[in-house]
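Place chain B on chain A using the hints.
Chain residues, written in single-letter form:
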Amino acid sequence: MNPEPVVVLDNGGSSCKIGMAGASDPFRLFPNAVGRSKGERQSFVGDQIVGYPDASSLSLKRPFDRGYLVSWDVEKSVWWRAFKSMLQQQPQDCGLLMTEAPFNLPSIQTSTMQMVFEEYGFKSFLAMPAQPLSLLEWQAQQPSLPANTAGIGVVVDAGFSFTHAVPMCDGRLLPGAVRRINVGGKALTNYFKELVSYRSINMMEETYLVDNIKEQVCFVSTHLASDLTASRKGTHKLEYVLPDGVNERIGYARKPLAKGEHTEKNAKEQVLTLNNERFMVPEVLFQPTDIGLQQAGLPQAIVEAVEAAPTDLHPLLYSNVLCTGGCATCPGFQDRLYRELRALVPDDFEASASS
Amino acid sequence: MERRSVRSRKVSKRIATVSAAERENVTHARLEALENDDAAGEGVVGDSDEEFLLEESDEEMEFGKRSKKSKGAKRKTRAMLEAERKGPLTFASLLEEAAASEDPMAKEVARMYSAAAAGPPEGAAPRRWCSVCGFAAPYKCVRCGSRFCTRKCYAVHMETRCLKFVG
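Just so you know, the sequences run in chain order A and B. Start counting the first sequence at 1; every next residue gets the next number (full-length UniProt numbering). Start counting the second sequence at 1; every next residue gets the next number (full-length UniProt numbering).
Bound conformation, chain A alone:
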């Protein structure tokens, strides 16, 4: 008997990643949301949002709240679209492997299971946290690492809804040692939106656009003090040309123009001036007190997580810190984390990122 094909679905707070298990073809990535343009009835589901020509004033409705799946109304339509357009097989012939956040509540699990079997009719179903899977991938890439042979490591998952530091042993999560910071990409986007709206042009309605801008221009500062001084002089100044609805879909960033460079075309553009927001926003991950959240920053949360694990594992855990998630792709994230963690831990360790 052949085992049934398995659909792998990384059901994230901001985007869904779908693919077939064991298949060499790449997975598909699309927003996990239903979008709606202002003043129009039609709504856009999942990957339709990416192709929609007018990115401004697009408001998204997401099925997730605080990183947990709560709104099945929204999720249902996204899944139907995904399964119909991206899978060659019918759900009835497949199994489903889905990711979920650590400590998913039983009530949410029950409703998920109900949907998977009753609405879509999958043959089999498994939901598990994504972090052990990331570690598996990392093990496959670096099999010679001593911590990897034992399946030990800390996965730092800087996601959309929150950030987790997850220590693992033997490829399994150590549940008592997981630590969470309630800041993720969503809070960063909203914070960025707030700052930009106050200092430059009001963008409060344009979350989707601001999310894109954030991904393009933000970086993590490695030397905060020197970067701040530099940005006073305008070294980090950047102009972001907003989409005009005709030629540009999501706009682009450019260096500020010198006086003589302005052309007639430039006069019509709406430009967002960005300065220290570019690195002060991701800074929140390292110091949540900046936005008034009384929680430890990422390096300290990792230390807390490791300290909660059995003492024998500490050296190996510190030696294998793996960064994953959307916020970790921010340039400079890894360097900064290494630098701060280095100051906090006595052992030698390595920090590395993979998706």
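The hints are simulated quantities; they were obtained by calculation from the structure and are not laboratory data. Check the hints yourself; a few may be wrong.
Here are the simulated lysine to any residue pairs, SDA-like style, with alpha carbons at most 20 Å apart [claimed, not checked]:
| no. | chain 1 | residue 1 | chain 2 | residue 2 |
| --- | --- | --- | --- | --- |
| 1 | A | K123 | A | T110 |
| 2 | B | K107 | A | K76 |
| 3 | A | K38 | B | D37 |
| 4 | A | K237 | B | A136 |
| 5 | B | K107 | B | T90 |
| 6 | B | K140 | B | E22 |
| 7 | A | K233 | B | A137 |
| 8 | A | K237 | A | K84 |
| 9 | A | K84 | A | P175 |
| 10 | A | K233 | B | K152 |
| 11 | A | K38 | A | M204 |
| 12 | A | K76 | A | E118 |
| 13 | A | K268 | A | A258 |
| 14 | A | K76 | A | F125 |
| 15 | A | K237 | A | Y252 |
| 16 | B | K140 | A | L195 |
| 17 | A | K233 | B | C153 |
| 18 | A | K255 | A | R199 |
| 19 | A | K233 | B | C149 |
| 20 | B | K107 | A | T112 |
| 21 | A | K255 | A | D244 |
| 22 | B | K152 | A | M204 |
| 23 | B | K107 | A | S107 |
| 24 | A | K84 | A | V6 |
| 25 | A | K233 | B | C133 |
| 26 | B | K107 | A | Q109 |
| 27 | B | K152 | A | L195 |
| 28 | B | K152 | A | S200 |
| 29 | A | K237 | B | C133 |
| 30 | A | K233 | A | K268 |
| 31 | B | K140 | A | D290 |
| 32 | A | K76 | B | L89 |
| 33 | A | K233 | B | L89 |
| 34 | A | K76 | A | G121 |
| 35 | A | K255 | A | V241 |
| 36 | B | K107 | A | T110 |
| 37 | A | K237 | B | T90 |
| 38 | B | K107 | A | P175 |
| 39 | A | K76 | A | M115 |
Relative to chain A, chain B alone:
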């Protein structure tokens, strides 16, 4: 009954200050807001769908099919009305439910969830950034407690933000 001076309640806006508790409330509200989706569009979504349903049932009435009309009116079950009253489901309410439930498993998960939150920051004092320009801010507004760095930023703050989000 405690006797209070009338005067104390009529503090001029120029010297009114915001109490520490109120400042905390403001920070909390702000943190909540940071987790929001763009809520503005969402009310509209629900409304227009409803409109659509109503139109449909009107049409059916015109054809004189009474039985169908009553079916249309019944479309909203009690559970749906209940759900509408409660508004969208939030994770906080589910967590509360799990913590209060009889099921030991749900209770345990809720406990673990709360235990997993990273602790309060250690060592370094909170850094202070200017609420206007974002650079290091040595001063704070005596009225609302926001930080600012220069007189220029203070002027902007007084004009635009001071006490705006409180009252």
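Now the hints, each set against the structure:
1. A:K123 to A:T110: Given pair K123 (chain A), T110 (chain A) holds - Cα atoms ~16 Å apart, limit 20 Å.
2. B:K107 to A:K76: Violated - the C-alpha atoms of K76 (chain A) and K107 (chain B) are around 28 Å apart, more than 20 Å.
3. A:K38 to B:D37: It holds: about 15 Å lies between the C-alpha atoms, which stays within 20 Å.
4. A:K237 to B:A136: holds, 17 Å
5. B:K107 to B:T90: With a Cα-Cα distance of about 18 Å, the restraint between K107 (chain B) and T90 (chain B) holds, given a limit of 20 Å.
6. B:K140 to B:E22: At roughly 16 Å apart (the allowed maximum being 20 Å), E22 (chain B) and K140 (chain B) satisfy the hint.
7. A:K233 to B:A137: Holds: K233 (chain A) and A137 (chain B) sit about 17 Å apart, inside 20 Å.
8. A:K237 to A:K84: This hinted pair is violated, its Cα atoms lying about 45 Å apart.
9. A:K84 to A:P175: violated, 36 Å
10. A:K233 to B:K152: holds, 17 Å
11. A:K38 to A:M204: holds, 14 Å
12. A:K76 to A:E118: Holds. K76 (chain A) to E118 (chain A) sits at ~12 Å (cutoff 20 Å).
13. A:K268 to A:A258: Holds - the C-alpha atoms of A258 (chain A) and K268 (chain A) are around 17 Å apart, at most 20 Å.
14. A:K76 to A:F125: holds, 16 Å
15. A:K237 to A:Y252: holds, 14 Å
16. B:K140 to A:L195: holds, 18 Å
17. A:K233 to B:C153: holds, 17 Å
18. A:K255 to A:R199: Holds, at roughly 18 Å.
19. A:K233 to B:C149: holds, 16 Å
20. B:K107 to A:T112: The given pair, whose Cα atoms are some 19 Å apart, holds under the 20 Å limit.
21. A:K255 to A:D244: holds, 19 Å
22. B:K152 to A:M204: violated, 25 Å
23. B:K107 to A:S107: With a Cα-Cα distance of about 11 Å, the restraint between K107 (chain B) and S107 (chain A) holds, given a limit of 20 Å.
24. A:K84 to A:V6: Distance of about 15 Å is within 20 Å: holds.
25. A:K233 to B:C133: holds, 13 Å
26. B:K107 to A:Q109: Satisfied, since the Cα-Cα distance of roughly 14 Å is no more than 20 Å.
27. B:K152 to A:L195: holds, 18 Å
28. B:K152 to A:S200: With Cα atoms ~17 Å apart, K152 (chain B) and S200 (chain A) stay inside 20 Å; holds.
29. A:K237 to B:C133: holds, 13 Å
30. A:K233 to A:K268: violated, 27 Å
31. B:K140 to A:D290: Answer holds: K140 (chain B) to D290 (chain A) is near 15 Å, not above 20 Å.
32. A:K76 to B:L89: holds, 15 Å
33. A:K233 to B:L89: violated, 47 Å
34. A:K76 to A:G121: holds, 13 Å
35. A:K255 to A:V241: holds, 10 Å
36. B:K107 to A:T110: The given pair, whose Cα atoms are some 15 Å apart, holds under the 20 Å limit.
37. A:K237 to B:T90: violated, 39 Å
38. B:K107 to A:P175: Satisfied, since the Cα-Cα distance of roughly 15 Å is no more than 20 Å.
39. A:K76 to A:M115: holds, 8 Å
When the structure is compared with the earlier hints, violations turn up for hints 2, 8, 9, 22, 30, 33 and 37 and for no others.
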